[in-house]
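Colleague: Take a look at the letters that make up each chain.
There are 2 protein chains.
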Amino acid sequence: MHHASDILFTLFIVFVAAQIGGEIAQRLKLPGVVGEIAAGCVIGPSLLGWITPEQIATGTPLDVLAEIGVVLLLFSVGLETRLEDLKKVGKVAFLVGVLGVLVPFGMGSVWAHGNGFDWDKSLFVAAAFVATSAGITARVLQELNALQRTESKVILGAAVIDDILAMLLLGVVVSMQGGGGFDLSHLLVVLAGAIGFIAVVGLGGARVMRWNSGWLEKPLAPHSPLMIVLALCLGLAYLSTLFGLAAIIGAFLAGMIASETRQQHTLEKQTMPLLALLTPFFFVVTGSKIDLHELASADALLMLTVVTVIAILSKLIGGWLGSLSLGKHSATIIGFGMVPRGEVGVVIASLGLAAGVFNNRIYAIIVAMSLLTAMVTPPVLAWLLKRTASAEPADQPRI
Amino acid sequence: MHHASDILFTLFIVFVAAQIGGEIAQRLKLPGVVGEIAAGCVIGPSLLGWITPEQIATGTPLDVLAEIGVVLLLFSVGLETRLEDLKKVGKVAFLVGVLGVLVPFGMGSVWAHGNGFDWDKSLFVAAAFVATSAGITARVLQELNALQRTESKVILGAAVIDDILAMLLLGVVVSMQGGGGFDLSHLLVVLAGAIGFIAVVGLGGARVMRWNSGWLEKPLAPHSPLMIVLALCLGLAYLSTLFGLAAIIGAFLAGMIASETRQQHTLEKQTMPLLALLTPFFFVVTGSKIDLHELASADALLMLTVVTVIAILSKLIGGWLGSLSLGKHSATIIGFGMVPRGEVGVVIASLGLAAGVFNNRIYAIIVAMSLLTAMVTPPVLAWLLKRTASAEPADQPRI
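As they're listed, the protein sequences go chains A and B.
Under the numbering used here, think of the first position of the first sequence as 1, with each following residue one higher.
Under the numbering used here, think of the first position of the second sequence as 1, with each following residue one higher.
Which copy? The list can't say, so a pair holds if one copy fits it or any two copies do.
In silico DSSO-like pairs for lysine-lysine, Cα to Cα no more than 30 Å straight-line:
| hint | residue 1 | residue 2 |
| --- | --- | --- |
| 1 | Lys218 | Lys386 |
| 2 | Lys218 | Lys269 |
| 3 | Lys386 | Lys269 |
| 4 | Lys328 | Lys29 |
| 5 | Lys91 | Lys386 |
| 6 | Lys29 | Lys218 |
| 7 | Lys386 | Lys328 |
| 8 | Lys386 | Lys88 |
| 9 | Lys328 | Lys87 |
| 10 | Lys328 | Lys88 |
| 11 | Lys386 | Lys29 |
Keep in mind the hints are simulated off the structure, nothing from the lab.
Looking at chain A on its own, in the form it has when it is part of the complex (with noise of 0.2 Å):
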């Protein structure tokens, strides 16, 4: 009659943890992401083992809470972002989306390379310093009240482009592998698909929403609006993984479709506490995902090193040279901005151990970099953040 118990004792144990986590970071003026990540390291498998690695395998229910948690956090970002001001900023954030990807492409594969892989792995390695997760950079936005900046609005572009870069990166990455060429139509048909999903849905999406939302009030269901929209996130998501795009690209788009509706500011109240609840399970399973033993060698922590330093000043040096023309100080504010990789890195990392291009320990050096990046972005970006008050005229207040 009392099943789940377990699983409620480990949603408990992930949520507390989150919550000390974040706390403790903020006392010590970090954001709470930090301690939220931090959080999951110590009670992953590395440490504590209260939750296990099959706990945290693909298609878990954590696994899902986690994916569900980082939709809805992208949603939210997308709801604070308007169509019209992602476009003022279009041309610098493209800059920045494709030297972004550039760059540490172009540095992750001689390292690799240099470090006696061949030529064709090597473009698999640096496949995994390209695509930027923007799920960590908006939340550090999101709790430093700066989604209004112009800043945040290159980066939020340029995560877009990012990802349909990286994409593209990995899908001729991967038919390299074994000596293979790749076949050129074929991915134009892949990148024509992808930017026309993001045309049609995000211009069409919010020409609707602009030109009459009243229609979300009429079902009978209480609090329909945010029904509607919820179904839209989800669906969104689900149909940017067909065209090849990360959920987190549709949940965004959908975000910025429910911006344009009279409803969005009640929207942008209800989803505070989906995001309370569901957040911290992404940031805890990433956090639970480092591995400290594959680590526990002075060789390993050189490498680690190493790669984590080419993996942010690549992409600090692609973005600051795209975004140049805002000026240093902001160019600097964006180029650490698109440094964490967070999860991203972590799966095309889990590929390349697949395909046996990775062994462990490169494997587990290159989950650390895409984590350690995630790590030391937050602070850095939230120093550079309040360092200067922001170029827009006024931020808005979030409620």
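With the hints as your guide, set chain B onto chain A.
Modeller: Relative to chain A, chain B alone:
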């Protein structure tokens, strides 16, 4: 890079099916929950097969989301329930709880014995007639804005008593299988543990919160009161399973404790979006467990009808007799409020199947009976509640 695609599709389908089902039900002047359960039946394995039996097995992501949904539902019901109000109806609730267990257990075991079961097996079958699932009734009462009525307080109090007794009864019945006796002293320990848990947590927690709830705002995290009570909800849900009780009993206690805080009103508003996102999973998953194939014969349908009528009548009579002191109309509302067996009956049936007491057909019939009582109750309850104003001086409007 783009995992979790399948599960996102399932989440989308379940969520949208719940909204459509709820909307149709409400247009037909039925409670929305009926439509959500029916939607689960339609998209479940019996009809469309968009969700498979593997996807709703214990411990799967959908099952866990359903569990979180019903836990949050009972938490929110607790948030609208003051301990003082429950105490006022304590005696009636106790009588309703006890008679609501004894009458179905008696009638169920007589029916099972009359249908060829040995007495020890008959008692197991009868145990599946016993346990009320508070989730369905709670949702109807909440939908109809009737949680402040005296009848609602009695039903909620009785549901707690019911769960304690059902747990004890199941313990006895399981230990008696194979002709073994049972250990009375062990039983008394279990009883004392469950009552002690509820008393200490309920009385102690409410007292702490009434005395001072300012500390909920001490943490730096925004919305810290919500975070703390959500942690309390998950923690008590887990703890109550350790004492052999349903997770929803602990969640209800957590809500009741939180209702004594001065942040109660804010918490109530913040809980709403959580219910909106997560309770649909509970009702759709519940509905998807109806196996129409096993019931597709005249014999099976006849047996199902008889079993369902006994299940409804016995609970109605027990609850009615227990609350007759409140007048016949209130007693009828309370009696019907106790009728739904919902997921609790399903779980007992699964135990019976695993223990070899039930064959596939009797299993399917007990499951269908549990779900039918859950389907039949909401419209009747809605009709009964709308027929009379509350016995209370004034219903508090919900915001």
